[in-house]
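Protein sequence lines correspond, in order, to chains B and G.
Taking the numbering used here, the leading residue of the first sequence gets 84, the next gets one more, and so forth.
Taking the numbering used here, the leading residue of the second sequence gets 848, the next gets one more, and so forth.
Warning: the hint list may mix true and false statements.
Stated by the list, open to error - Which stretches of chain B does chain G cover? Using the computed rule of at least three CB atoms under 8 Å from a CB of chain G, they are: (1) 100-107; (2) 113-127; (3) 152-158; (4) 170-182; (5) 210-216; (6) 222-235.
Keep in mind that the hints were calculated from the coordinates and are not lab data.
The C-beta atom is built at its ideal place from N, Cα and C for all residues, glycine as well.
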Amino acid sequence: MISFTLNGKPVETDAPADTPLLWVVRDYFKLKGSKYGCGLGICGACSMRVDGRSVRTCILPVSAVADRAIMTIEGLGTKSRPHVLQDAWVAHGVPQCGYCQSGQLMSASALLEQNPNPTSEQIDAAMSGNICRCGTYPRIKRAIQDAASQLRVDSGSGDSS
Amino acid sequence: MTKPKKQTRRTFLKLLGVTGAGLVIGVAVTRDRSSPFPTNELAFEPDAFLQITPDNVVNFFLPHAEMGQGVYTGLTTLIAEELDISPEKIRVHHAKAHAAYGHPEYRMQITGGSTSIKVRFQPLRQAAANARALLLDAAAEQLAAPRSGLTTADGDVVWNGERFPYGGFATTAAFLKLTDDASLKEAAAFRYIGGNTPRLDARAKTTGEAEFGLDVEIPNMHRAVLVRCPVIGGAPKSVNANAARETDGVTDIVTIFNGVAVVATSYWQAKKAADKLDIEWDYPPLKGKSSAEIRSAMEAALEHERGKKIHVEGSGAAALDDTKSIVEATYWAPYLAHAPMEPMNCTVQIEDGKCDVWVGTQVPELARGLAAFHAGIAKRHVTIHQKFLGGGFGRRGMADYVSEAVAIAKESGKPVQLIWSREDDTKNSFYRPASLTKYRAGLDSDGRIESLSVKRVGPNILPHIIDHMVDGILPAAVPDGIVAWLGDRPHSVFKSLAGDPFSVEGLFEDYDIANKEVRHVTQDPGLRASYWRSVGHSFSGFFKESFIDEVAAKAGNDPVDFRLAHLSPDSILRGAIELVADKGAWAAERVPGVFTGFAAHTSFEAGVAQIAEVSIENGNIRVNKVTCAIDCGVVVNPDIVKANVESAIIYGLTAALHGKITLADGQVEQSNFHDYTVIRMADSPQIDVHIVPSSRDPVGVGEPGLPPVAAAVGNAVFAATGQRLRDLPLKLA
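Using the sequences and the hints, build the whole thing.
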């Protein structure tokens, strides 16, 4: 049995220890928001937050997350209580097919927690592990910048522009 | 409203004597007496698209696949406009496979060819207007009010200032005689069309709630992984499955038409077991072929074969004989895979003589036909449950993964979800065909093109598509032998046609030149090929627009002026070229180190022009900015049009700078995103999209942004370096 917290709730699983976290979350816990895209950790569709960091879970054995805190897209926000990034995603019309967007949002949310005022280059770097074949990158970037300024305003530390 | 005189894809197809997919699809049109959605006898159900229930729910059954292009919002907006209700208040459902949802032009349920808004613009508005008229009739009856005193407002009937929700009149409306000619709004009265309704699926696609094919769960669902022949088209000869069978979780190992499948209780177990299969293959003729040989064979054909004459204007290529000043150049585009983010997958349950299929597909009716064939069950007992598509780009216009999943479910007797790996996806696509094309242009003494000859060498996609469809469009009762025989027919049927329109579309139509001749040499090494975003235009846009740029340079003319001088007066490219030249400041100086390139192309009846701004950094091409103008007729949702164009530009840039599928010993060499590289955020340019105001009916949007971009970048590279890059992907020498 491997125990960890999943979106704030303690859970345990008897999945084989080498099973990637992605498939444990999808097939055992039935949370389907995190996607399979490449199986090599190079497209980012499977990104989850592991102790806050955005991690590629299609190559992360579940045994490696024992006692760690996992957050998936389902834990980021909901339709009724969305994260500021989720609102920005809707406002900027980001999703097209939408398949990669859970992963994009997990990477973006990890970035803003570490760096509430990222430059364009810092956004590029933080999002470099997430592919979108619909090419929503320009809108993702605008949504992140918009959400960042929103967060700065909310926390009272923001620029006034 | 002026109709462009230019040949559209449709008229061109007719010219060649092939009504596109209709050639094949005509066979599939059958009466379907089953209900297209779960009926409710108290609800108002005027047609296959709409259902209004007494508890005031407006259900819209979306006849096209949502794969990112935005039909979920765009088509719902059409309903909203004439039903007079906010789009957000309409509950959208993916329609199942049913003849009632047949594409008005293709005559089968298909999402493709950038046509969804175009072909539904009139019929869906009419359907909604008819429904609204009947609701008003019902309200007049129920409220004992004069019909002329009633109006509607956002989902309510209004009478004497009082509002009554539509649902209250649904049951009465259900018993009234249907009308089919309610009048439609004038464009000036549009409330939602032309507005930026936020995507109706955006919220679900940011919370993880949107259900894609891969997310389907059904009771007792097993996962399947299929091992296919390393050379596409091969079949298993013998299998040693001992080690795989002993793997934890494995329940079945079954051999199907193209491979050996492991069925297990979880995906990871199935995948690990599949790695242990030891299979001997019967290889297809493609084995042994390499990309270098394929290209030399095409080069030899270009040199030595005259090819079949596809199209002639004026005195054709003969006019070149009298011309002193001739420009010629040869261009190459490689095979490409689509690589949508969601690898192919399909979930199937066969039980009690019925087959249920959960899948994201651009071709639900074909999927149903193939499922029926492989399950050995009549089509009427097969239900396709459509899901959101994690990208389509034409890949999901083929339903091979449905055939596989159904065959595995049948052989194993289990409900299964077949999951392709990324490697499966890259190595088993239906590829954009490689193409080699030579242009020759003759200039008159004023530096104007007076004659143009084009010869394209490469595979045609139609025979591959027809092959793929045969099992799905014939009744399941037709014996295998006859199906196999028919499967071979299209190749010979095809030989008698002038040509495959997808092989030459876009190579020659855009410019007004007195003498034109288009020839085609078919060279097909046997790698399966099909639709890839913008189809033939994906290479012809690069070829034609690189060449016109070379000719303009040779004639000593500005690229924009030269193009404008060769357009017919009513060309739909004119507005796009003029708008982009203005918005993108074509005539303006750039900062040192930044160079511009221009390209324009008509596809799917839309005119698109682009300016690429490029710099060369450490010997690499960097695209900093693309400015684009599109004339796509009346715009239903400007922001979604812009998003589609941005998407097509970035998808096209991946092809321009990186995309290449190659063969070694018949096997596709690329496997995943490390060796089939795609554009990431840091390499994504700034993109500005401008829409040409237009009152003509809507045309294509999802694809037309793609064809010009590689040429615009290549032409900018010429401005920067003096090098003409004639091979895709573009690489500096």
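**Message:** Please list, smallest to largest, the hint numbers that this structure does not respect.
**Reply:** none
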